[in-house]
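Q: Residue-level listing of the chains:
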Amino acid sequence: MSDRSAAQPRAGAPPPTSSPPAADAGARPARPPALPRLRRRLDLATILGLGAALLLIIGALALGGGAGAFFDLASVLIVLGGTAAVTTISFSVPDMRAAARAIGRTMVASTPDVASAARTALSLADHARRNGPLSLHPLAAATKGWPVLHRAVELIVDGLPADDAERILRTEIEANMARARTAAAVLRRAAEVAPAMGLIGTLVGLVQMLGNLSDPSSVGPAMAVALITTFYGAILGSMVLSPLAAKIDRNAEREALVDGLYLLAAGSVARQENPRRLEMLINTMLPPDLRISSFD
Amino acid sequence: MSDRSAAQPRAGAPPPTSSPPAADAGARPARPPALPRLRRRLDLATILGLGAALLLIIGALALGGGAGAFFDLASVLIVLGGTAAVTTISFSVPDMRAAARAIGRTMVASTPDVASAARTALSLADHARRNGPLSLHPLAAATKGWPVLHRAVELIVDGLPADDAERILRTEIEANMARARTAAAVLRRAAEVAPAMGLIGTLVGLVQMLGNLSDPSSVGPAMAVALITTFYGAILGSMVLSPLAAKIDRNAEREALVDGLYLLAAGSVARQENPRRLEMLINTMLPPDLRISSFD
Amino acid sequence: MSDRSAAQPRAGAPPPTSSPPAADAGARPARPPALPRLRRRLDLATILGLGAALLLIIGALALGGGAGAFFDLASVLIVLGGTAAVTTISFSVPDMRAAARAIGRTMVASTPDVASAARTALSLADHARRNGPLSLHPLAAATKGWPVLHRAVELIVDGLPADDAERILRTEIEANMARARTAAAVLRRAAEVAPAMGLIGTLVGLVQMLGNLSDPSSVGPAMAVALITTFYGAILGSMVLSPLAAKIDRNAEREALVDGLYLLAAGSVARQENPRRLEMLINTMLPPDLRISSFD
Amino acid sequence: MSDRSAAQPRAGAPPPTSSPPAADAGARPARPPALPRLRRRLDLATILGLGAALLLIIGALALGGGAGAFFDLASVLIVLGGTAAVTTISFSVPDMRAAARAIGRTMVASTPDVASAARTALSLADHARRNGPLSLHPLAAATKGWPVLHRAVELIVDGLPADDAERILRTEIEANMARARTAAAVLRRAAEVAPAMGLIGTLVGLVQMLGNLSDPSSVGPAMAVALITTFYGAILGSMVLSPLAAKIDRNAEREALVDGLYLLAAGSVARQENPRRLEMLINTMLPPDLRISSFD
Amino acid sequence: MSDRSAAQPRAGAPPPTSSPPAADAGARPARPPALPRLRRRLDLATILGLGAALLLIIGALALGGGAGAFFDLASVLIVLGGTAAVTTISFSVPDMRAAARAIGRTMVASTPDVASAARTALSLADHARRNGPLSLHPLAAATKGWPVLHRAVELIVDGLPADDAERILRTEIEANMARARTAAAVLRRAAEVAPAMGLIGTLVGLVQMLGNLSDPSSVGPAMAVALITTFYGAILGSMVLSPLAAKIDRNAEREALVDGLYLLAAGSVARQENPRRLEMLINTMLPPDLRISSFD
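Residue numbers (my numbering), protein chains in the order written: chain W, 9 to 304; chain L, 9 to 304; chain C, 9 to 304; chain U, 9 to 304; chain V, 9 to 304.
Worth flagging that the hints you see were computed from the coordinates, not collected in a lab. Just so you know, not all the hints are guaranteed correct.
[To be verified] Okay, derived cross-link-like pairs now, SDA-like style, lysine to any residue, Cα gap no bigger than 25 Å in a straight line:
{"hint": "1", "chain 1": "W", "residue 1": "Lys152", "chain 2": "L", "residue 2": "Asn291"}
{"hint": "2", "chain 1": "V", "residue 1": "Lys152", "chain 2": "V", "residue 2": "Arg113"}
{"hint": "3", "chain 1": "C", "residue 1": "Lys152", "chain 2": "U", "residue 2": "Asn291"}
{"hint": "4", "chain 1": "L", "residue 1": "Lys152", "chain 2": "L", "residue 2": "Arg262"}
{"hint": "5", "chain 1": "W", "residue 1": "Lys152", "chain 2": "L", "residue 2": "Arg262"}
For clarity, every value in this text was computed on a predicted model and none was experimentally measured.
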């Protein structure tokens with residue numbers, strides 16, 4: 009707020025702290041800054057964790073001999089289908105689709121680590137200050153995959169006032185958080201439903217078995233089948249849905265932190281602030297060992 | 009508050025931003041605006057989710073042969089009746105009736121989606137500003153099914169001051185929320201009681217069976233009957249009551265959001281504000297991809 | 009606070025909005041207002057709910073034949089006595105007595121419904137304003153059963169300043185809430201202890217049975233007896249104590265709402281405020297369908 | 009704060025509301041006030057509750073015959089020792105010792121009831137005002153058992169300024185609360201560990217028994233022994249540790265309330281305030297039926 | 009903030025309360041103060057608690073004879089490996105490594121007790137005031153093991169302004185807390201996963217056993233093996249992970265308290281405040297029995 013006064017010189021004299029923007033930008037077609045390490049990778053923690061856990065279970069089944077005995081289509085339908093159906097009751101079809109997409113995104117680590125994002129934000133701001141906001145135009149296409157960064161670049165290029173740019177970016181960050189929170193709520197609810205469906209399936213099997221005790225030799229296998237839904241419910245709830253819900257929440261928090269750095273950069277460029285001030289603001293949001301100091 | 013000054017011109021000069029209201033309204037009987045997509049539909053998520061889950065269970069019963077063995081009138085009475093009776097202790101008879109009505113409403117998606125509601129609010133405000141508040145009179149009947157929208161139209165037609173209209177609508181929205189929260193609390197309590205009633209029924213069956221072990225061949229069927237109440241309790245609690253309670257809470261939140269848009273529109277008309285300001289206010293309440301811009 | 013100025017005319021000129029109080033009261037011995045529907049009734053939700061739940065269980069026992077097998081004095085002592093004893097550890101003897109009294113009060117619906125209470129508060133205030141505060145003296149005896157209403161009448165008759173009267177009534181309402189919260193905490197703790205005592209009793213029975221497996225024919229009955237404490241614990245915890253704790257909390261909230269209306273009335277009389285203002289204040293505390301309008 | 013002005017008369021004219029302090033105190037060696045009912049008693053709720061619960065269990069064991077079968081040294085070691093060891097991991101050795109001392113204190117009702125404490129605070133303040141602060145000197149020894157009261161008397165005798173005395177007493181009250189909260193946290197953690205240790209002991213016994221099924225007649229007794237740790241864990245967790253943790257919290261709250269009255273008294277004496285003001289302050293902290301009025 | 013004025017005398021006259029700093033420091037090479045009891049010890053509560061609990065279990069196994077029957081490599085893999093894999097899903101590989109390091113640190117009591125830390129902070133501040141900030145230079149190496157203390161010494165030696173030094177130290181303390189909170193969250197999540205993995209392993213074993221009931225003599229041993237994963241899950245979750253998570257949280261809180269004292273000292277030296285003021289500030293953060301008074 010009090011920084012608005014710093015933006016006034018734009019109309020009159022050139023700002024003393026930043027180099028003259030538009031003129032230079034026209035003279036030399038300044039190349040946009042190289043964005044440090046901003047790419048999607050597979051999220052190894054999710055994939056290896058999930059894979060290793062499932063492999064361990066499959067190994068235990070194979071070791072015991074009859075791994076085939078653990079697959080039962082009716083049980084899969086009751087637990088998987090039942091969990092999906094019951095979870096849908098509490099939400100809506102679009103919510104369910106969004107949750108499925110969110111599961112897919114937990115396999116990809118699209119959020120850059122905080123230090124890279126901080127360097128990206130600083131170099132964007134620095135470049136915009138040296139060569140004028142318009143010089144960031146070529147970056148708009150390159151940042152398509154990171155919506156808030158993309159929007160921040162667009163807002164800098166469009167030359168929106170700082171308060172408006174910050175408000176727009178903040179709403180977008182909050183909407184991302186809300187979307188992630190809904191997806192995590194869907195998974196968390198499903199993680200509660202899955203063992204309940206497993207119990208219900210087991211009760212069905214138990215009652216059917218107990219009603220037909222005439223042949224004692226069939227008791228064992230019938231009970232084995234009855235227990236399979238409990239087994240599926242435990243795996244689905246404890247090994248898949250509950251950890252993924254926690255992951256979605258954690259990723260959303262990290263993404264909000266990183267997007268907050270782009271917001272700071274966009275506001276700083278629009279206010280034509282001293283680059284050192286932006287660095288200081290960014291550093292207060294970083295843990296001590298990740299702090300940047302480019303002006304020493 | 010500070011906008012009250014904007015309402016002063018009414019007494020003296022015609023307001024500059026809105027077209028002259030009452031006179032025009034008399035000259036051409038302006039048709040009320042068509043309300044975009046404001047109708048009740050079945051809530052497919054609730055109905056399909058609940059139906060699919062129950063079908064899965066019935067399928068599993070049929071597959072196992074003796075589906076008839078899963079119906080036991082005494083067990084139904086203990087679990088359904090017991091859950092209703094015990095839940096009534098904590099509430100009152102009217103609360104129970106309200107919860108039953110709330111269950112019915114989860115089958116119907118009466119709240120329009122946020123984007124339609126935003127367009128409705130804007131077009132109502134726009135129409136009232138162009139043709140005078142009285143021109144909305146024909147809409148009072150058409151909006152009967154959406155109480156807060158109906159009340160907002162009435163208040164605009166009656167010409168109440170903005171602060172009073174907003175206070176009345178806000179109390180109504182809060183009362184709706186409180187009603188929904190009570191209904192959800194009834195269902196959540198019932199969802200806790202149902203498995204307890206199932207356990208109690210099973211204990212009754214077990215004790216009766218164990219007291220009569222003389223005929224070993226009757227142990228199996230007796231135990232099957234004993235387990236049926238646990239089965240009913242799990243289905244009632246985990247598959248019906250608990251998801252419906254979550255749905256009621258979720259619907260109430262969306263309804264409060266949508267009704268908040270009507271409140272903004274009624275206040276804006278009563279204050280004779282610039283329509284752009286209403287659009288901006290409404291947009292701050294919408295996620296980015298649903299924002300409206302009718303003035304570009 | 010800012011209304012204190014409205015009370016100043018008392019010393020000098022007669023207040024313009026209220027009729028002259030003391031003189032009239034002496035002239036015609038104004039009958040106190042009839043209090044609308046202010047009587048104790050049985051709380052049918054509690055009594056019918058509890059009764060129906062217990063009848064269902066007894067019916068299930070009778071249906072299975074050996075209802076007598078479900079009564080075992082030692083088991084009753086372990087579960088009932090143990091729950092009482094263990095709950096006492098966490099509280100004090102007076103707390104336990106207060107909780108017992110609170111259970112008794114859940115059978116009686118002594119709090120009038122909100123609409124009656126609002127009318128009572130308004131008619132008391134109206135009468136006091138027309139005939140002077142002393143004219144409420146005959147009502148002091150009639151309101152004995154509703155402590156806060158009784159105290160409000162006394163404070164009006166005594167002519168205490170508004171701030172003092174409100175402070176006294178507010179402390180009383182808060183003390184009522186605190187008392188109810190302690191009673192509910194006792195019951196909620198007991199509802200946690202009861203199933204634990206049931207489990208402990210069953211473990212005692214199981215260990216005793218397992219140590220004497222010499223006679224196989226006695227296994228069934230011994231195990232039946234062992235399970236009875238679990239049965240008692242589930243009934244005591246889930247069907248009696250937990251619902252009653254929720255009821256006590258709910259009743260205390262409604263009582264605080266109703267007593268808040270009497271507080272408003274007493275303050276309004278002491279401040280000699282315009283009756284319309286009291287009606288407006290009371291209406292902000294009522295849901296829309298219960299609002300009162302006596303001045304249209 | 010604003011009362012400091014009331015303390016100024018000390019320098020000049022004698023305060024009008026309180027009798028001249030130091031001079032009189034020298035003239036007649038005013039006996040310190042008799043402290044009303046300030047003594048330690050056994051906390052009957054804790055002792056009788058715990059005793060009755062354990063007696064009920066022992067009675068049930070004796071009734072079933074083989075009470076001796078319920079004592080097994082290895083099981084006692086696993087449950088008691090294991091609970092202590094595992095709880096120690098999360099805390100420190102001094103924390104464990106403090107928790108043990110706190111258990112001892114739950115057997116003693118050292119906190120006087122609120123009404124007695126209020127009278128004590130008032131009579132101390134009254135005496136100090138009549139006979140000078142030094143006249144409380146003989147009470148320092150008599151109040152040793154109640155640390156905050158003792159410290160309050162010392163601070164009055166020492167003549168510390170009101171703000172300092174209040175700060176010192178407040179820190180002491182908060183430190184007491186923190187100590188009690190740590191002790192309750194230790195017990196609550198132990199109450200979670202105890203049933204887990206019981207389960208682990210039972211699993212050990214079950215696995216050992218199942219590996220040696222050669223002699224069917226030993227199955228029963230071996231399983232009985234295996235269940236004993238579950239039995240111990242339930243008793244230790246649900247009947248002893250969890251209720252005592254709740255009691256420690258409750259006692260700490262009551263003690264903080266009572267010690268707050270001594271703080272008010274010490275501050276009032278140091279500020280030489282009107283005794284009626286102290287009575288009013290104390291009364292706002294008491295429930296309505298315990299309020300004191302010594303000036304009517 | 010208001011203390012900045014106290015720092016102004018530096019420019020003009022020498023401060024009256026502190027001895028002249030830099031000059032003296034040059035004259036006599038003042039030895040840095042001896043740091044009282046600042047060394048790492050093993051955390052006996054963690055080590056003895058964990059050791060005693062495991063010894064008790066091993067003793068129970070040995071007592072029952074077949075201790076070897078309790079080791080099963082496949083079960084270890086399922087429970088240990090599965091818990092690690094599933095926990096990794098919700099976090100990242102660096103988070104897992106950090107949690108492992110945090111477990112190691114719970115074995116070492118590196119945080120000095122609060123009283124020693126208070127004395128350290130006071131003596132550092134005192135020495136810096138007497139001999140100038142530079143005299144602390146030799147201590148920078150000696151305090152390597154306590155990062156915040158080390159950083160505080162560095163900042164004093166560097167002569168940073170008080171506000172900057174406090175901000176840097178505060179961020180470091182908060183980052184420590186955040187790191188500890190993440191590590192505790194990893195362990196707490198793992199403590200939830202472990203029993204679920206145990207249950208899944210047992211279900212695998214049960215289903216395999218029930219499918220092969222042809223040889224009744226193998227039922228017992230097969231079931232024993234099946235139960236071993238539940239046994240491992242209970243030990244890993246209840247006896248190891250959950251207590252260590254609580255310990256990490258507790259240690260982090262104590263460390264933040266102790267580091268807060270170093271922050272106070274660094275700020276006090278940079279502001280050249282009266283040493284008595286620092287002592288008072290430190291004492292408000294200590295429990296009454298640990299307070300320091302070096303100026304009486």
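Q: Determine for every hint whether it applies to the structure shown.
A: Hints, one by one, checked against the model:
Proposed proximity of Lys152 of chain W and Asn291 of chain L is supported: the alpha carbons are some 24 Å apart, at most 25 Å. Taking the CA atoms of Lys152 of chain V and Arg113 of chain V, the gap is about 16 Å. The hint holds against a cut of 25 Å. Proximity of Lys152 of chain C to Asn291 of chain U is assessed by CA-CA distance (about 24 Å); at most 25 Å being required, the pair is judged to hold. Taking the CA atoms of Lys152 of chain L and Arg262 of chain L, the gap is near 19 Å; set against the 25 Å cutoff, the hint holds.
Proposed proximity of Lys152 of chain W and Arg262 of chain L is contradicted: the alpha carbons are some 31 Å apart, above 25 Å.
Going through the hint list in order, the structure does not satisfy hint 5, though it satisfies all others.
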